[in-house]
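Peer 1: Sequence:
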Amino acid sequence: MFAAIAAPLIGGLFSVIDKTVEDKDQAGKIKARLNELALSGQLRELEAAASIIVAEAGGESWLQRNWRPMLMCLFGAIVANNYIIGPYLEHFIGEAVILDLPPDMWELLKIGVGGYVIGRSTEKGVRAWKSTP
Numbered sequence: 000m001f002a003a004i005a006a007p008l009i010g011g012l013f014s015v016i017d018k019t020v021e022d023k024d025q026a027g028k029i030k031a032r033l034n035e036l037a038l039s040g041q042l043r044e045l046e047a048a049a050s051i052i053v054a055e056a057g058g059e060s061w062l063q064r065n066w067r068p069m070l071m072c073l074f075g076a077i078v079a080n081n082y083i084i085g086p087y088l089e090h091f092i093g094e095a096v097i098l099d100l101p102p103d104m105w106e107l108l109k110i111g112v113g114g115y116v117i118g119r120s121t122e123k124g125v126r127a128w129k130s131t132p
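Taking numbering that gives the first Met the number 0, the leading residue of the sequence shown gets 0, the next gets one more, and so forth.
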């Protein structure tokens with residue numbers, strides 16, 4: 000979410016910097032600093048997302064712990080149907096059911112998979128950190 004908002008702003012700032020700062024070395028330093036600030040904001044957002052996933056994984060309710068993996072399995076089944084099973088059925092039988100994939104679903108799939116990877120990595124890191132003396 001942050002990247003979607005920040006990328007156009009930073010791109011616009013870069014063009015303003017190129018037009019207004021005559022010293023190219025100074026302009027490069029300013030751009031590098033803006034990139035650092037943007038990345039630190041993205042890291043904070045990723046850390047917040049990871050903490051939510053870790054909290055869900057440790058929740059008391061079965062549904063709270065498993066809704067995200069179940070949703071990712073459903074998305075995986077839809078993708079497998081559309082790009083593996085469907086084409087084979089089309090080839091051998093002549094008919095296949097292909098489900099529409101709205102662009103928002105792809106975004107949700109990317110966020111879900113990324114969040115799962117970050118959450119699992121964070122969870123394992125916390126366990127390793129707690130177990131060290």
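Keep in mind the hints are simulated off the structure, nothing from the lab.
Certain hints may be false.
[Said to hold, decoys possible] When the alpha-carbon atoms are kept at most 20 Å apart in a straight line, the in silico SDA-like pairs for lysine to any residue are as follows:
no., residue 1, residue 2
1, Lys109, Gly93
2, Lys30, Ile16
3, Lys28, Ser50
4, Lys109, Lys30
5, Lys109, Ile92
6, Lys109, Ala47
7, Lys109, Ser50
8, Lys109, Asn65
Peer 1: Look at each hint and say if it fits the structure.
Peer 2: Hints, verified against the model:
1. Between Lys109 and Gly93 the alpha-carbon distance is near 32 Å, which puts this suggested pair outside the 20 Å criterion.
2. A distance of roughly 8 Å separates the Cα atoms of Lys30 and Ile16; the hinted pair therefore holds under the 20 Å criterion.
3. With a CA separation close to 33 Å, the supplied pair Lys28 and Ser50 exceeds the 20 Å bound.
4. Distance check on the hinted pair: Lys109 and Lys30 sit about 28 Å apart at the alpha-carbon level, beyond 20 Å; violated.
5. The suggested pairing of Lys109 with Ile92 is violated, with an alpha-carbon distance near 32 Å, which exceeds 20 Å.
6. Of the supplied pair hints, the one linking Lys109 and Ala47 holds, its CA atoms being roughly 17 Å apart against a limit of 20 Å.
7. A hinted pair counts as satisfied when its Cα atoms are at most 20 Å apart, and Lys109 with Ser50 qualifies at roughly 18 Å.
8. For the hint pairing Lys109 with Asn65, the CA-to-CA distance comes to about 18 Å; that is within 20 Å, so the pair holds.
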